[in-house]
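Enquirer: Listed below are the residues making up each chain.
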Amino acid sequence: MTRGVFRAGVGDGVTQGIVESAQVRVPTPKTVPAPSVVPPQNFESCSVRCGFGDVRSAAMTTTAPITWPSDVPLPPGAQWARLVAGDPDPDPYSVVYGAGRDVAGSKVSVQAIAVQYPDGSLDSAEDPPQVFLAVDSVGGAGLVSGEARELAAALLEAADQLDRWGA
Amino acid sequence: MSTMSTDTNTIPNVPAPPDATEVFGWSQHGPDLARRPFTGAVREVAGFTVRIEGIQRENGTCQRRVTVRAGSPLTRLEPEALRQLASVLIAAADEIGAR
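Going line by line, the protein sequences match chains C and E.
Taking my numbering, the leading residue of the first sequence gets 10, the next gets one more, and so forth.
Taking my numbering, the leading residue of the second sequence gets 18, the next gets one more, and so forth.
There may be inaccurate statements among the hints.
[What the hints assert, rightly or not] Below are the SDA-like pairs computed for lysine to any residue, each with C-alpha atoms no more than 25 angstroms apart in a straight line: (1) Lys116/C / Pro54/E; (2) Lys116/C / Val62/E; (3) Lys116/C / Gln101/E.
Derived by calculation from the structure, the hints in this document are not laboratory data.
Start from the sequences, fold in the hints, and give me the full structure.
Expert: Rendered as structure tokens:
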């Protein structure tokens with residue numbers, strides 16, 4: 010069973026993701042621009058909409074502070090992260106987000122995501138680095154030529170990001 | 018193979034778009050030109066379907082778009098799939114850009 014930290018898809022605009030978090034990690038402003046990425050929408054409610062029963066959104070409520078080593082840097086290219094802990098995974102981990110990219114003129118966004126552990130390593134087995142393709146309009150109005158190229162470029166960028174994360 | 022679905026009472030005699038693989042029925046709303054949707058090339062890759070869809074007006078002009086659908090909402094987008102999908106999107110963009 011996968012952790013259920015994130016899953017992605019297109020077609021109905023639904024993404025499935027982090028279900029609980031207690032802290033947000035961001036790099037220092039001196040070295041990395043302030044996070045400009047908006048996480049995929051519907052993270053909190055999508056498990057209901059998708060009907061994925063193994064997602065722990067309903068069960069997990071974390072109120073205690075999460076202990077996380079202060080010297081663990083975000084992986085290269087990550088813009089921000091959320092610390093997560095709780096049932097069924099009491100050990101903390103961090104869901105890290107690459108630079109998101111919206112396709113101009115559409116409601117399509119591409120977001121690379123990975124799971125990082127307190128030792129700094131990235132999960133390569135249970136939830137390997139992958140990409141959200143959040144789509145609200147692709148299946149409907151569609152993309153004009155330039156938008157399709159822009160989406161292709163964003164996908165290639167995201168693939169490179171995943172390569173850097175060892176996907 | 019083309020599939021024509023038309024209403025001969027209201028439909029102008031307009032040939033289907035040359036790249037259409039499926040053409041649907043005409044409709045008209047108010048003073049607007051009658052129009053009909055059509056489907057062009059369909060490309061499937063890495064669990065995704067990239068389709069060219071368009072609208073043809075009664076004066077023969079067409080608008081085309083690229084649509085993307087996933088076979089499953091659980092499709093994981095890993096590097097190889099991302100690159101394959103990007104390649105197909107570029108091909109589709111080239112195709113509609115050339116028309």
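Enquirer: Each of the hints needs a verdict: does it hold here or not?
Expert: Do the hints match the structure? See the list:
For the proposed pair Lys116/C and Pro54/E, the alpha carbon gap of about 22 angstroms is at most 25 angstroms, so the pair holds. Restraint check for Lys116/C and Val62/E: the C-alpha separation of about 22 angstroms stays at or below 25 angstroms, so the hint holds. With a C-alpha separation of about 21 angstroms, the suggested pairing of Lys116/C with Gln101/E holds against the 25 angstroms cut-off.
Going through the hint list in order, the structure satisfies each hint without exception.
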